[in-house]
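**Student:** Please build the complex by placing chain B on the supplied structure of chain A, with the hints as guidance.
Protein chains: 2
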Amino acid sequence: MNNLVISIDAMGGDNSPRVVIEGLAIAAKKNPDTRFLLFGDDAKIAPILNQFPDLKKVCEVRHTNEMVHNEDKPSQVIRNRNTSMYMAIDAVRKGEAQAIVSAGNTGALMAISKLVLKTITKIHRPAIVSIMPHRNGKYVMLDLGANTECSAINLAEFALMGDILAKHALGVERPKVALLNIGAEEMKGKEEIRQAAHMIKNSKMNLDFHGYIEPHEIPNGVADVIVADGFTGNIALKSIEGTAKLVVRMLKDAIKGSFWAKLGIPFMLGVMLKVKKTMDPRLYNGAMFVGLNGLSVKSHGGTDALGFSVAVSNAANLVRQNFVATIREEVEKVDLDELSQEAIYEVY
Amino acid sequence: MNNLVISIDAMGGDNSPRVVIEGLAIAAKKNPDTRFLLFGDDAKIAPILNQFPDLKKVCEVRHTNEMVHNEDKPSQVIRNRNTSMYMAIDAVRKGEAQAIVSAGNTGALMAISKLVLKTITKIHRPAIVSIMPHRNGKYVMLDLGANTECSAINLAEFALMGDILAKHALGVERPKVALLNIGAEEMKGKEEIRQAAHMIKNSKMNLDFHGYIEPHEIPNGVADVIVADGFTGNIALKSIEGTAKLVVRMLKDAIKGSFWAKLGIPFMLGVMLKVKKTMDPRLYNGAMFVGLNGLSVKSHGGTDALGFSVAVSNAANLVRQNFVATIREEVEKVDLDELSQEAIYEVY
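Taken in sequence, the protein lines are chains A and B. Position 28 of the first sequence, counted from 1, bears residue number 51 in our numbering, the numbering being contiguous throughout. Position 345 of the second sequence, counted from 1, bears residue number 368 in our numbering, the numbering being contiguous throughout.
Hints listed in this document are in silico derivations from the structure and should not be mistaken for laboratory results. Please note that the accuracy of each hint is not assured.
[What the hints assert, rightly or not] Here are the simulated DSSO-like pairs of lysine-lysine, each with C-alpha atoms no more than 30 Å apart in a straight line:
(1) Lys-279/B x Lys-297/A
(2) Lys-268/A x Lys-213/B
(3) Lys-285/B x Lys-275/A
(4) Lys-299/A x Lys-161/B
(5) Lys-268/A x Lys-96/B
(6) Lys-213/B x Lys-300/A
(7) Lys-297/A x Lys-285/B
(8) Lys-285/B x Lys-161/A
(9) Lys-297/A x Lys-299/B
(10) Lys-96/B x Lys-213/A
(11) Lys-299/B x Lys-300/A
(12) Lys-279/A x Lys-300/B
(13) Lys-297/A x Lys-268/B
(14) Lys-213/B x Lys-275/A
(15) Lys-299/B x Lys-268/B
(16) Lys-145/B x Lys-213/A
(17) Lys-297/A x Lys-96/B
(18) Lys-268/B x Lys-275/A
(19) Lys-297/B x Lys-279/A
Extracted from the complex, chain A is given alone in its bound form (with noise of 0.2 Å):
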């Protein structure tokens, strides 16, 4: 019962195509009702699948001898319908793949999945979402830098996209929904974000709206989507992502340095792998770009297999639970742009 098929750029990411085929070895075991479309160099790919047998089962292999590099920019990449990035996508518009994951470049993973999947009608913008983890669980935040400015219409739309994705991908029947801002006295925060929050209470979204958040109240758990624009929320992923790496670095040097400390290591260790692994990005591997008719899913580039396998997972799960056509489907039932002409009314 392999029916449901995933899209793979096998060319894409730092140790490609070796990475992406260990990762699937991975995946294809927990994801026994998954097959898998592989788009890339045949010459480069067969000789790593034929070691994986079980794998081999579920794959096949589409030939290109074009990919997309680090260095290409999006404006090119969408005119070469050739590499292994555009069929894989391409893949999914023309209905033999209901995902696609890809290890490269993200400015022209996002470029040609505009492109060619067309962003859902009656959203206005995709957006980028991770999976991230707090003090007791994991939230979704969006966007993540697909969209440098956003109006409010924008996040109004992602709270709905999270909202949707938070049930599916996390289980929480209810999440909390909240607008990462600031909190200052000085000030209430960007209008746009004002204007979002109106929106959302106002609209038919029937959001758990828990209003706004600020960035240090995130690893408490508060909010199970966190909304932000795609600049915004990119400085707080990449912030959060340098400080956890920061605070276990200084704690390596300070133990490397200090005799005592070895001494405790064999006590220490189990705790400290632990939290490592809580934090451990291979685990949250796998940005997400919503709000496409398709799923498109970006996987780190520096990752291994086991975070390849986590990011095609993700995926697998996401289509399980038709993802795309809810949110279809609840965007329907909302009219954004009537309540955005009021919102503005109102704030001011």
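**Tutor:** Quick look at chain B alone, frame taken from chain A:
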């Protein structure tokens, strides 16, 4: 030779005036050249001050019954000249003190400071700056929340003020200056950031300008001055603070839950405390409002005596180095208004 005078809002913060006075006692020992002008309720101040006879010798208390409360709006507080905060700031305008420190309401402190001290001629907007820890040292970041939206000129001026602060407060001879931006391939960040980069490169500011920096690169210490608009800076600051706390918290929780790990505490305690101390928010207390005719420093409202003393010592240190006068002189040398038109041309 107590010719340096710092004005103190004795009533600001969660546990005032006790924490304020205890903090001053620590600061007085570290700054033997400094006197303090305290504004607040003498009935509350006197009994505590009497417990610190050495401190009392270098303090002058000016009584007022009124104070700014945490819930007060900036628009209200600027109309009452009899609050301890207003009077403390006004002492700087009158030349009775060279800097003011308050642990009170941030918005109020910013509003009154701007109204009373006024922005330095040729500086368009003041900014909030903090000193922060990176992997092997410290850096300054601004703006942290004074201005939600900023023009290229604002950002260029922040770069200049940050450069001077890094020289004075961190002792870096030639600070490396960078603009906070996102580096996703699909977008080159915001227009005003690109314009600011052009202006910094082409002005007479003569900064050691390193272009853009992404938030996850900050902890590596690649720049001494990080420049952002107030919204972005505040988001980054609070993401960093929240994540540092999260990682430490996760580690603590994990250790508490493990018998083995607890046995390792005696070995590891030293390095854990060392890392904790490096990240100790009290040692980085004191956000400075720069760009005004006088230095206004905001201590965290919930800090303790040590934290408050750090804010006071930072203020005294900057006064000693003629920080405000240096900014005044340096902005005289550059003409950003002239460059701004050109920048818009160049970027497009």
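**Student:** Hinted pair, alpha-carbon criterion (30 Å max): Lys-299/B, Lys-268/B. Please report holds or violated.
**Tutor:** Given pair Lys-299/B, Lys-268/B holds - Cα atoms ~10 Å apart, limit 30 Å.
**Student:** Hinted pair, alpha-carbon criterion (30 Å max): Lys-297/A, Lys-268/B. Please report holds or violated.
**Tutor:** 17 Å, holds
**Student:** For the pair we were handed, Lys-299/B and Lys-300/A, check the Cα-Cα distance against 30 Å.
**Tutor:** 21 Å, holds
**Student:** For the pair supplied as a hint, Lys-279/A and Lys-300/B, is the alpha-carbon distance within the 30 Å limit?
**Tutor:** Holds - the C-alpha atoms of Lys-300/B and Lys-279/A are around 17 Å apart, at most 30 Å.
**Student:** Lys-285/B and Lys-161/A: Cα distance at most 30 Å?
**Tutor:** The hint holds at about 27 Å.
**Student:** Can the restraint linking Lys-297/A and Lys-299/B be considered satisfied, given a maximum Cα separation of 30 Å?
**Tutor:** 20 Å, holds
**Student:** Decide if the proposed pair is consistent with the structure: Lys-213/B and Lys-275/A, CA atoms, cutoff 30 Å inclusive.
**Tutor:** 36 Å, violated
**Student:** Just to be careful, I want the Cα atoms of Lys-299/A and Lys-161/B compared with a cutoff of 30 Å; is the pair within it?
**Tutor:** 26 Å, holds
**Student:** Holds or violated: are the alpha carbons of Lys-297/A and Lys-285/B at most 30 Å from each other?
**Tutor:** 15 Å, holds
**Student:** Take the C-alpha atoms of Lys-285/B and Lys-275/A, compute the straight-line distance between them, and say whether it is at most 30 Å.
**Tutor:** The given pair, whose Cα atoms are some 18 Å apart, holds under the 30 Å limit.
**Student:** Could you grab the alpha-carbon distance between Lys-268/A and Lys-96/B and see if it respects the 30 Å cut-off?
**Tutor:** Roughly 38 Å separates the two Cα atoms, so the pair is violated.
**Student:** Run the distance test for Lys-268/A versus Lys-213/B: straight-line Cα separation, threshold 30 Å.
**Tutor:** Between Lys-268/A and Lys-213/B the Cα gap is close to 27 Å, so the pair holds against 30 Å.
Of the hints listed earlier, those the structure fails to meet are numbers 5, 6, 14 and 17, in rising order.
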